[in-house]
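The listed protein sequences derive, respectively, from chains A and B. No gaps in the numbering here: position 61 of the first sequence is 61 in our numbering, and each next residue is one more. Position in the second sequence (first residue = 1) + 317 = our numbering.
Bear in mind the hints are in silico, worked out from the structure with no lab data behind them. We put the beta carbon where it would ideally sit given N, CA and C, even for glycine. Any given hint might turn out to be false.
Facing chain A, according to a computed beta carbon distance under 7 Å, are these residues of chain B, among others [said to hold, decoys possible]:
#: 1; residue: A331
#: 2; residue: Y344
#: 3; residue: L348
#: 4; residue: R351
#: 5; residue: G431
#: 6; residue: T432
#: 7; residue: L434
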Amino acid sequence: MISIPPVVQVRDLHKSYGSVEAVRGVSFSIAAGETFALLGPNGAGKSTTIEILEGYRDRTGGEVSVLGVDPHRGGLEWKARLGIVLQTSGESGNVTVTEQLRHFAGFYPNPRNVDEVIDAAGLREKATTRISKLSGGQRRRVDVALGIIGRPELLFLDEPTTGFDPEARHQFWDLIRSLKEEGTTILLTTHYLDEAAQLGDRAGIIAGGRLIDIGLIDEIGGADARVPRVRWRDDNGTVREERTTHPARVVADLALRLNGAEPEDLEVIRPSLEDVYLSLVRGHEVEVAAAGKTSRHRHTGEATTPDAALTDKDVRA
Amino acid sequence: MTATTTGTRPQKKAPGTFELGLSRIGYETRLYFRSPDTLFFTFFFPFIMLGIFTAAFSASGNIGANPDGSGGVSVGAYYLPGMLAAGMLLSGVQNLAVDIAGEKSDGTLKRLGGTPLSPLSYFLGKIGQVFVTAILQAGLLLLVARFLLDIALPTEPEKWATFAWVFLFGVITSAFLGIALASVPRSGKSATAVVIPVVLVLQFISGVYLQFTQLPEWMQNLASIFPLKWMAQGMRSVFLPESFAGAEQTGSWDLVWVAGALGMWLVVGLVVSRVTFRWIRRDA
Numbered sequence: 001m002i003s004i005p006p007v008v009q010v011r012d013l014h015k016s017y018g019s020v021e022a023v024r025g026v027s028f029s030i031a032a033g034e035t036f037a038l039l040g041p042n043g044a045g046k047s048t049t050i051e052i053l054e055g056y057r058d059r060t061g062g063e064v065s066v067l068g069v070d071p072h073r074g075g076l077e078w079k080a081r082l083g084i085v086l087q088t089s090g091e092s093g094n095v096t097v098t099e100q101l102r103h104f105a106g107f108y109p110n111p112r113n114v115d116e117v118i119d120a121a122g123l124r125e126k127a128t129t130r131i132s133k134l135s136g137g138q139r140r141r142v143d144v145a146l147g148i149i150g151r152p153e154l155l156f157l158d159e160p161t162t163g164f165d166p167e168a169r170h171q172f173w174d175l176i177r178s179l180k181e182e183g184t185t186i187l188l189t190t191h192y193l194d195e196a197a198q199l200g201d202r203a204g205i206i207a208g209g210r211l212i213d214i215g216l217i218d219e220i221g222g223a224d225a226r227v228p229r230v231r232w233r234d235d236n237g238t239v240r241e242e243r244t245t246h247p248a249r250v251v252a253d254l255a256l257r258l259n260g261a262e263p264e265d266l267e268v269i270r271p272s273l274e275d276v277y278l279s280l281v282r283g284h285e286v287e288v289a290a291a292g293k294t295s296r297h298r299h300t301g302e303a304t305t306p307d308a309a310l311t312d313k314d315v316r317a
Numbered sequence: 318m319t320a321t322t323t324g325t326r327p328q329k330k331a332p333g334t335f336e337l338g339l340s341r342i343g344y345e346t347r348l349y350f351r352s353p354d355t356l357f358f359t360f361f362f363p364f365i366m367l368g369i370f371t372a373a374f375s376a377s378g379n380i381g382a383n384p385d386g387s388g389g390v391s392v393g394a395y396y397l398p399g400m401l402a403a404g405m406l407l408s409g410v411q412n413l414a415v416d417i418a419g420e421k422s423d424g425t426l427k428r429l430g431g432t433p434l435s436p437l438s439y440f441l442g443k444i445g446q447v448f449v450t451a452i453l454q455a456g457l458l459l460l461v462a463r464f465l466l467d468i469a470l471p472t473e474p475e476k477w478a479t480f481a482w483v484f485l486f487g488v489i490t491s492a493f494l495g496i497a498l499a500s501v502p503r504s505g506k507s508a509t510a511v512v513i514p515v516v517l518v519l520q521f522i523s524g525v526y527l528q529f530t531q532l533p534e535w536m537q538n539l540a541s542i543f544p545l546k547w548m549a550q551g552m553r554s555v556f557l558p559e560s561f562a563g564a565e566q567t568g569s570w571d572l573v574w575v576a577g578a579l580g581m582w583l584v585v586g587l588v589v590s591r592v593t594f595r596w597i598r599r600d601a
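Next up, chain A with everything else stripped away, as it sits in the complex:
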């Protein structure tokens, strides 16, 4: 078997804004064709990490390779192989959807068909509408359309579905699945854990600038975090809950105890990615708070957002 080098390789990445360390030693790699979800609370260092990979920010330390190129030195040919959907879009947009896509398609050596992209992004009815007249969710679709128009090998999606209604989100998932089928490698950040679970092959969870866990979507957090729970309401009306690796047996025992009567509000709950994520992030916060009692340099999530750091700098300047 021929070993294909990873599309993204990050080793011991560090990034400081002044005295604030936003990213403190993150390592991961993304294989060709893989969809990798980078998850974490606001200000955890996700956007900083992704912007370093996109070539927008310089790093303070560590090694980064994206499509075999150091993003810091990435030229136009390298950029032509990337698709970037930024976290924010706020262009004034005095152009129509079609005009904008046609114009951007012209930047790339081998772009997708503009009409196909408009259809895939669900923008057919808005094709001749100026972008400034679109709703927030529709604008976001334009962002996604612009991100894929150049037929990228690697697609960055930074919170792509913010402002989408449920139907639009499902359409978007279908679009991403078709890109995956074509072999596009995808780096996704999102606050919707169901989205990460739907689309991702693997996930990394980042908190306080560190990667606190990484693994396959349905294995991350370890077996212990995924133990199912059986929940029901007893005769006194109080909710009872039991963690068990054998939920069927617990339910059977319960039915036996009740002489075959139906237990009220019976549920078997398998922890979702969201549950696993929340327990990991909370666990991390508890650790940090405990460490904070002995150290004056306590990490606070807010202070590590790039924007906050930049604002601080602007105030000083």
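Based on these hints, arrange chain B on the given structure of chain A.
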């Protein structure tokens, strides 16, 4: 993809810098004419001012007339060169400084920075847009002057040659100064507040709204530091009779100085643009 061709690669040539620059010129020009603010404060502003001055001062007779009231030029004819110069300044400095500062803050530049568009193509687009719109503006101003205000335009080819080089030189200088000035505003919202006063004050002291030859000497000297005074002087040399040259600071049109001052400001604009422009604001 099917491999039906031998010896040739599949057609995957990246579009050229110049080709993309042309595509940007079309795109930028379309955006210019779709922005009502730009149309009013940049494109039509010289027309509005020319109209106001002509209407306000025509009753007080010709400018530069003899004591007996004969000779001189009409108010409209006197203000035409100043308005052409103002148009050059607005199309370059005001237009691009506000436009690029806005693109910097609304995320347009960040998005472009993530695409294989070369910054050179981007600037070709901006400068091309300035040229297209400035030429349309000047052409329309001359048409209005000739046919609506009945102002006689020069017929000598030398005059039009002077017009051509002062115009081209002035517009390119303005364009680069606009790109340079775009780095000053901290946000797109503050851009107009930063740029418009600069441009307005220059127009007052450089002989666009007020007769330059009537200004106090210190103000004339101050204006001589900046490029607009020289653009206006170059334009006066084209459109005003030779007899008006005597009223200039040195008693002549000083076209060599016009070229020198514009050349110096072009270099300043180029250097500052080159040093300050970034797709996104640099982080620490």
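Results for each hint:
With its C-beta approaching chain A no nearer than about 4 Å, B/A331 sits inside the 7 Å limit, and its interface hint holds. Hint on B/Y344 holds. Least Cβ distance to chain A is approximately 5 Å, under the 7 Å limit. At about 5 Å, the closest approach between the beta carbon of B/L348 and any beta carbon in chain A falls short of 7 Å, and the interface hint on this residue holds. Because the beta carbon of B/R351 sits about 4 Å from the nearest beta carbon in chain A, less than 7 Å, this interface hint is met.
Interface restraint check for B/G431: the shortest CB-CB distance to chain A comes to about 4 Å, inside 7 Å, so the restraint holds. A least Cβ separation of about 5 Å between B/T432 and chain A falls short of the 7 Å threshold, and the interface hint therefore holds. Look at B/L434: its Cβ gets to within about 5 Å of chain A, closer than 7 Å, so that hint holds up.
When the structure is compared with the earlier hints, no violation turns up for any of them.
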